[in-house]
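J.: What follows is each chain in one-letter form.
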Amino acid sequence: MSEALHMPQPALEDLIAMLWREGFKVLGPVARDGAVGFDEVRKVSDLAVAMRDTQEPGRYRLGQGAAGEIFGVVNGAFSLKPFFFAPEETLLEAKRERRGFKVSEVAPVAPPLAFIGVRACDLAALAVQDRIFLHDRFHDTHYQARRKDAFLVAVNCARSAPTCFCVSMKTGPEATTGFDLSLTELEQGFVTRSGSAAGEAIAAKLGLSAAGQNEVVSAKARIDGCAAGMQRGLDPTDLPRLLYAEAENPRWKDAASRCLSCTNCTMVCPTCFCHAVVDQEELDGNMSRRVRKWDSCFSLEHAHIHGINFRPKIENRYRQWLTHKLAAWIDQFGTSGCVGCGRCITWCPVGIDLTAEVAAIRAHPVKR
Amino acid sequence: MKPRAAVFKFASCDGCQLQFLNAEDELLKLAGQVDFVYFPEARSRALEGPYDIAFVEGSITTPDDARRIIKVREESHYLATIGACATAGGIQALRNWADVEQYRRVTYPSPEFISTLSTSTPISEHVRVDCEVWGCPVDQHQLLAVVRSLLSKARPVLPAYSVCMDCKRRGNVCVVVARGAPCLGPVTRTGCGALCPAFNRGCYGCFGPADDQNMESFARLLASQGVTGDDAVRRLRGINGYVRPWRETADAIAADKK
Ligand code: SF4
Ligand code: SF4
Ligand code: SF4
Ligand code: SF4
Chain A
1 MSEALHMPQP ALEDLIAMLW REGFKVLGPV ARDGAVGFDE VRKVSDLAVA MRDTQEPGRY
61 RLGQGAAGEI FGVVNGAFSL KPFFFAPEET LLEAKRERRG FKVSEVAPVA PPLAFIGVRA
121 CDLAALAVQD RIFLHDRFHD THYQARRKDA FLVAVNCARS APTCFCVSMK TGPEATTGFD
181 LSLTELEQGF VTRSGSAAGE AIAAKLGLSA AGQNEVVSAK ARIDGCAAGM QRGLDPTDLP
241 RLLYAEAENP RWKDAASRCL SCTNCTMVCP TCFCHAVVDQ EELDGNMSRR VRKWDSCFSL
301 EHAHIHGINF RPKIENRYRQ WLTHKLAAWI DQFGTSGCVG CGRCITWCPV GIDLTAEVAA
361 IRAHPVKR
Chain B
369 MKPRAAVFKF ASCDGCQLQF LNAEDELLKL AGQVDFVYFP EARSRALEGP YDIAFVEGSI
429 TTPDDARRII KVREESHYLA TIGACATAGG IQALRNWADV EQYRRVTYPS PEFISTLSTS
489 TPISEHVRVD CEVWGCPVDQ HQLLAVVRSL LSKARPVLPA YSVCMDCKRR GNVCVVVARG
549 APCLGPVTRT GCGALCPAFN RGCYGCFGPA DDQNMESFAR LLASQGVTGD DAVRRLRGIN
609 GYVRPWRETA DAIAADKK
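If you're matching them up, the sequences are chains A and B in order.
For the first sequence, our numbering begins at 1 and goes up steadily by one.
For the second sequence, our numbering begins at 369 and goes up steadily by one.
Because the hints were derived from the structure by calculation, they are not lab data.
What you were told as hints is all true, and nothing was included just to trick you.
Once the Cα atoms are required to be at most 25 Å apart in a straight line, the calculated SDA-like pairs of lysine to any residue come out as:
hint, chain 1, residue 1, chain 2, residue 2
1, A, K293, B, G561
2, A, K95, B, A391
3, A, K170, A, L134
4, A, K313, B, L526
5, A, K95, B, K370
6, A, K253, B, A528
7, A, K95, B, K521
8, B, K397, A, V291
9, A, K220, A, E200
10, A, K205, A, F24
11, B, K397, A, D284
12, B, K521, A, R289
13, A, K95, B, A522
14, A, K205, A, H6
15, A, K170, A, G229
16, B, K377, B, W465
17, A, K25, A, A107
18, A, K43, B, G539
19, B, K397, A, S288
20, B, K377, B, P431
21, B, K370, A, S288
22, B, K370, B, E409
23, A, K102, B, L398
24, B, K439, B, E493
25, A, K313, B, R537
26, A, K293, B, L563
27, B, K521, A, E93
Predicted model only: the values in this text are computed from it and were never measured.
Same shape as in the complex, but just chain B (with noise of 0.2 Å):
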């Protein structure tokens, strides 16, 4: 029997659950391996648990949120986040520096409808995930490798190195040596195959920290390319700035400037 799938959305933009239907040629395949009960991006159909795998997309922002990640836990075998929102609070993490209840005073017409968090959280601020897909969004090919895996009954297994080798594999010349750009391909960890640096552009970070990374060397390299203060501190807290090492090192940066 094919393994009953559901693909549920938190705070997000739709942009990573988007990648299962953009992937064109290997839709029929997928629909053949998986059957998605609950995907409500793709079809009205929507059957209640237990699932066999679900995709979480989007982070934690609402009391309500809170809730319901632990009834898709509890309703899941296996639970796979995917993309920055999901894995590291996304962008909107932003909040977890700022006034939250300012914001909703003076973007709202009638505050007292929003029932808001003051902060975004990963998935697994809240409950256990068993898989982390990375990425801004996330890739396409990563994310059928992650299905075909637990098709296969085997750990999904994600490399975690840097941009800078497959930036290297590919062949790109290096935006920092050869233009003294900011890049943070040294630590933040592929999976868009250096597709920044490949239109000579530095990396923006999209699939979090690599597993391994120097940030204190890092903040040095930034700060000699004339990379400090405020301007350090946006590239590090962008898409993926409330995961820890990226969150230290810019509340560091920050705390220095003051």
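With the rest of the complex left out, here is chain A (with noise of 0.2 Å):
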């Protein structure tokens, strides 16, 4: 890792005024409508200052934080996601013409972006989205020109929500990769590291000096804190294989009687990639716009091929979702899909919580 600087809070300040003037668009945590997501900002104060969340299953609610405190809310209600894997867009358009009908591709229009605040496992799952709409040669071209500019400052945390486990997932509270700049929030301004060639050439246009001794053990020890205070957590041993031999544990069943199949928890992940790609007819029928919107399995729609739906009850579909996320996900991508963000189970309405799930069946599995 990069050496350790010392960042002044009004240096944020200027952090932000440069990213602006190298042209790109600043999104960090906002409040909005009882919430923070990634907004506009063009200074600290538009950041949800003195703020803190609380979270458990199904509740979420902002209120007042330490006086001061920047990074005080952990995670919002979105992650990365959606400004990368956009919820809807048009990828290509056919115009009909005195002969048949042309096709042409429509670019994405995408500003460079950067993220001031993010989260460890926010990164890492935008690592795992990177391998699905960017892996090997095949790079969905979309997703791919949003992405490539972008600058991320990452914010190690200091305090977990209760609905976190990014700690058994193995990808935070501590940014260690994937990262232009890191900050970890002290009392008097931040300790910062660079994690790549754009993040060093930045840091050395603030002027930062180096942090002293004693700042880099008080970052340490606050990221230390906040991982060994974490409450929640998923026991990855075993995952794959325990999930395909439970396939019929009537746990599944028991969690349907709850799910609402309302798609919540896959729409708030940061890794789930399903979309529907549908043709959109202008009325004339003289054009016709492709377009790619977010999908969910959770959708009775997902799973109906030409004359049978394969997943028609929801037990099918919670454990479809699950299965996926935490084991086939490791056959398909080598990687878990979960992160451990803990949002499907803040925004689920009926607060679902897939580490409970798991632990339950693993408690009382059914074939040994």
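Dock chain to chain to rebuild the complex, using the hints, since each chain is given by itself in its own frame.
T.: Quick look at the structure:
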């Protein structure tokens, strides 16, 4: 890891202004409608300063935090996903011509984005999405156009929400890779490190001095304290095998008795990538747009193929989601689909908690 | 030749057929593609059937309605219901739980001139329906998409998943989780693009039940938010209350209370 630098609080203001000057649109955690989400920031006071979140299954509230604390809110309603994998976008257009029709690709309009305050779990999730959309030689051009110039300023967590479980997924609470700059908030400013050439260049322009030994120690103590205090966990031992073997475990039915099949968990999950592709015709039939939208394995249509639906019940769909996320994903992409951000727990209207479901299946297997 | 289309009205407020006329930018294109030969709200010309496409608004609430819808069906090659009234019985289906005879006597000075049924029922309880366009009112884009599909001789496909999916695509903060507000979104079919949650209010269920939903769990969710008894019944019976999953749930809650 690169050298630890001391970043006084006013330098954060400079960083935001500098990123705008470098041509980035700068986004950070901003309070809106009772939750924090990435939104445009021009100055530090646009951020959710002096606020704290309380999170539990099915419940999120914003409240007052410590005076002067800038990154007191752990993680918000949305991850980075919507900014790179757009919730809805036109991929191509087909126009009728005198003879036949002409297809043209619609290039995404993508100003370079800079994010301030990205948590380790969300960086890990971005790496998972990169594997999906930028795999080998097969690149999703729309994702890539938005992703390639992004500048990421991570914030190491000094506090976790009760729904967080990054420690057991080995993704947090410290950002170790995938960022340009990382920050650890202290009473007086930040300890910052750069994680890329672009980050180093920005740090150099900010003219930061080396961090003092005591700062480095207390930054580490904060992160370690966060990790040690984490309340939730998901035991990943033997996971693909356990879930495949337990396909008939009665717990799936039990979860389905609570699950609304509303799709919220998959929508907020920073790694879920399912999408539907639909053609939208103009009324006069002379033009058609091919549109990609987020989709979810919880919708009934998702498993509808010619003449049959192979996941007709909610228990089939809940099992599909969890088994893909925690097991098949590993076979498919070499990594778990879960980074432990806890969003699916918080933003499930009925508070279904995947860590509790997996623990229940592990505790009462039907196959040994 | 352009297909001959007709728009029929039964017990309804006209809001759904107005969605055709509200389609300002698309109106010329629409007129270029479809010949509305019977559309009393839009033009005085009223031609006889048969019709290629009939759009039916409104529910069946009188003996005359019940006879007329059969004639409409006979005259129409393709019949699409538009809106909550035609598709689910509408808000006026509240009469299905009430004493209509008493309403008649109390409301009208000369009740003997009022001939009405004791129920408000969807078109599909009377005749075969080829396509149901949900909503109170219907969404203009969905309506025009149905027209376009029919012009292309394709089966119209309307999404039937929950409002939540569009709510999240739109980037709304969930009112249930962040505010504890009741919201019918998880059990409601999308169509509006999650309009109400975008304005920080819970969904009212204008588009009827999603294609699959867990009403027992949803009723427990409402109860955990303090929405029980009459309050819960009213929410479910509001706009599409007579449609089965919601009717049964509301009836069960009402029976529980007694
Ligand atoms: S899951 Fe870990 S990295 Fe993510 S917000 Fe919680 S503590 Fe931070
Ligand atoms: S499954 Fe849940 S906890 Fe895991 S990454 Fe997705 S939203 Fe976060
Ligand atoms: S687990 Fe929760 S968020 Fe996911 S579909 Fe079921 S009820 Fe909705
Ligand atoms: S606000 Fe309502 S529609 Fe939106 S996600 Fe929450 S429950 Fe679903």
